[in-house]
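Trainee: If you read the protein sequences in the order shown, they are chains A and B. Numbering-wise (our numbering), the first sequence opens with residue 1 and increments by one. Numbering-wise (our numbering), the second sequence opens with residue 1 and increments by one.
Any given hint could turn out to be false.
As the list claims (entries may be wrong) - Here are the computed lysine to aspartate or glutamate pairs in the EDC-like style, where the Cα-Cα straight-line distance is at most 16 Å: (1) B:Lys561 to B:Asp551; (2) B:Lys410 to A:Glu36; (3) B:Lys410 to A:Asp54.
What the hints assert, rightly or not - Here's a subset of chain B near chain A, in silico, CB distances under 10 Å, partners left out: (4) Ser176; (5) Gly457; (6) Met517; (7) Asp602; (8) Ala747.
No wet-lab data here; the hints were simulated from the structure. By construction, the Cβ of each residue, glycine as well, lies at the ideal position given by its N, Cα and C atoms.
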Amino acid sequence: MVEVTLWGALAAAAGGTSKVEIEARNIRELFKRLSERFPGLAPLMDRGIAVAIDGTIYRDTWSKELPAGAEIYLLPRLAGG
Amino acid sequence: MNFDPRHTTRSFSSVGTRPIRPDGIDKVTGRARYGADFNMPGQLVGRILRSPHAHAVIRRIDTSKAEQLPGVKAVVTAADLPDLTSGDAAMYDILDNCMARRKALYDGHAVAAVAAIDARTARQALKLIEVEYELLPHVTDVDQAFAADAPLINDTIITTGVDPKPDRASNVSMRSQFGHGDVDAGMAKADFVVERTFKTEQTHQGYIEPHACVANVSPDGTADLWVCTQGHFVYRQHCAQLLGMDASKLRVTSSEIGGGFGGKTHVWAEPVALALSRKAGRPVKLVMTRDEVFRATGPTSATSIDVKIGAMKDGTIIAADATLRYSCGPYAGSWAEVGAMTAFACYKLENVRTVGYEVLVNRPKTAAYRAPSAPMAAFAVESAIDELAGKVGMDAVDFRIKNAAQEGTKASYGPVYGPIGIGPTLEAVKNHPHMKAPLGKNQGRGMACGFWFNFGGQTCTDLNIGMDGTVSLAVGTVDVGGSRASLSLVAAEELGIDYAQVRAVIADTSSLGYNDMTDGSRGTFSSSMATISAARNAIKVLRARAAQMWDIPVEDVAWEKGHAVAKGETHGNLPNLSLKEIAAASGTTGGPIAGHSEIVADGAGVSFATHICDIEVDPETGATRVLRYTVVQDAGKAVHPTYVEGQYQGGAAQGIGWALNEEYIYGKDGRLQNAGFLDYRIPVCSDLPMIDTQILEIPNPNHPYGVRGVGETSIVPPLAAVANAVSNAVGVRMQHIPMSPPRILAALET
């Protein structure tokens, strides 16, 4: 079980909750469980979500493990110039 | 691939040196081939007809007269392209921007294109195309477009991120919010508060090379595209998807690139060139004019930003709040979201809130521009921070040092920071001789901080060792700033050979696995990770071959300084084998020697910079002159320090132009009035002093050498640093960028 913090727009789409506890071992499972629990997240997940684990942002490594006790923060998936 | 702490004390052999770039001679002697330098036998000239109206329904397009003109081989409109109306909305927007389907959404929007035997015939043909428009009300200003009674640009846009969901369309495509704590309660406790509204005008990346490509679609359905781009693999994906082709049948080769800065991360005319070639059955070369580049490609957002910051008497910032409105062109974007994330990222804040709004306007589709959205947010925040420091009675640098984020700080956009460099850049600025130099009459000094995330992404690299022991490195990230030199240094470092023995090339899309766009300051960061991985894989092969040559177990072979070294008491007297010797024997030890790597280079390290600017203002004319400019930035590890410095200088130069001169000027008719470098003035060498740089190296824990991206952060602080300098010189807080002479005079008169 990991605690996940959602950014503002994501929290709004998840019914106003900014912190959720999810049973997930890695980012792939996290996304799967989140979409099952909060169908309203679908448009934002389709647009792309990044996961910050203890401050390091992961955009594509969905196999990345979610260590117990780690700070896990969901962010929009951004690009640069 | 985590950072190896040994590197903090390690003496690198190649990394950190400053050899001449491998593409340098070709570039200074004119041999380098850019987008427009490629030609094919029998090629046609492509030209695009563009809307003269800011907002209009396209009632009818009659191309018959153009098609009958001798020498015209193809004419295309949206009717010749797939109708994605019911498909993926993002792909629909991309294609609609390349060729308008129902409405012209901005002055310069493409409505038809021709391919003809020469440019004269193509231009004649454009004049023969009849387009019947029904004009609609338009809006080009971000604040006017934000208003409830603004002309509606897209009646399907319902604001997302708002609860409850709005029941009618507007020009606001998305609301986003970030932050933590209780901002209102914090603000109520503040001893000092600064609250202001800032505006920035739309700017173009100003790359010298216009968009250019040659498309060649064969009757068998395969195609080639030679193009100036920051990401040929992404162009392949988009063009193939938009035109209904198999990606594997489209080979895209990236040319040398004369600047991109984010503006060459989108397809603009390339799908049109392919469609023309497919219809004509001949190669088509399409080169944009400068007018087209300005009217139809890549400007950044115009913004309007409200900032409110409160501080206690001891200088602690107690609350920070910002509302950011960013224009995104006529299609939904996520530019304000990025501004909202970066606005307060430099600071340790107990109570912080940022709200961003994406605002549709009748201007070209917004594209990234080097740390997209961050410079405007930094301008607003760093201006307010400077003013607040004055109210508290603290030095501007000391005030920032007191409130700077550090390792363990909860970032204003959410996560907790690892090791970061904002504090060290501020300390370096505080101690820099520039800060102590005297100023003269009508002169002012300003400083400001900036932040950018940096990104990694999908990356693929091949490292092939020739039989003569030299190394070919094939990478898929376009070289936008000297990365072939940097990556050659990394390969040389890992293999233990000389830099001159490595030649890096940018491979085409049929020769290498997929690579993400070269954006987000990821080129050297991600491709160096892949290069290190590929080199280490090659070393495994080299050790195995040496083991064969010596007839000893591979476990007894080490790799040291470019040589296989036999270890242990039994083999210790064997003479070392050089890479060259092993390569020469490769034909009889198993064939070619190579190392490959396919990775997702996640784990990019965030980056901070602090800039100092001295400026002189003529109070009679409002003219400005930058006297001195210094950039201090954390690079993690500077692989090729000269090109790191070049990135710092380039970002600062562009930011100075943004701050002082550059802006899109629209008339009441919604048409762009200054689509050319004569009237849209970017700074040239004679406008700027030598830009001094100082590289700091706080290693990124997620890269084996500690590398962070360096390409973008340098454009974040200049708008604010220059604005603070001007404000200090004239004694009036500047709130509108660019600070052109008329704006400075107007500010002085208030």
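Trainee: Indicate, hint by hint, whether the structure satisfies it.
Mentor: Evaluated hints:
1. B:Lys561 to B:Asp551: Not OK: lysine 561 of chain B and aspartate 551 of chain B at ~22 Å, beyond 16 Å, violated.
2. B:Lys410 to A:Glu36: violated (29 Å)
3. B:Lys410 to A:Asp54: holds (10 Å)
4. Ser176: At about 5 Å, which falls below the 10 Å cut-off, the nearest Cβ of chain A leaves the hint on serine 176 of chain B intact, so it holds.
5. Gly457: holds (7 Å)
6. Met517: holds (7 Å)
7. Asp602: Hint on aspartate 602 of chain B: holds, closest Cβ of chain A at ~4 Å, below 10 Å.
8. Ala747: Violated, about 30 Å.
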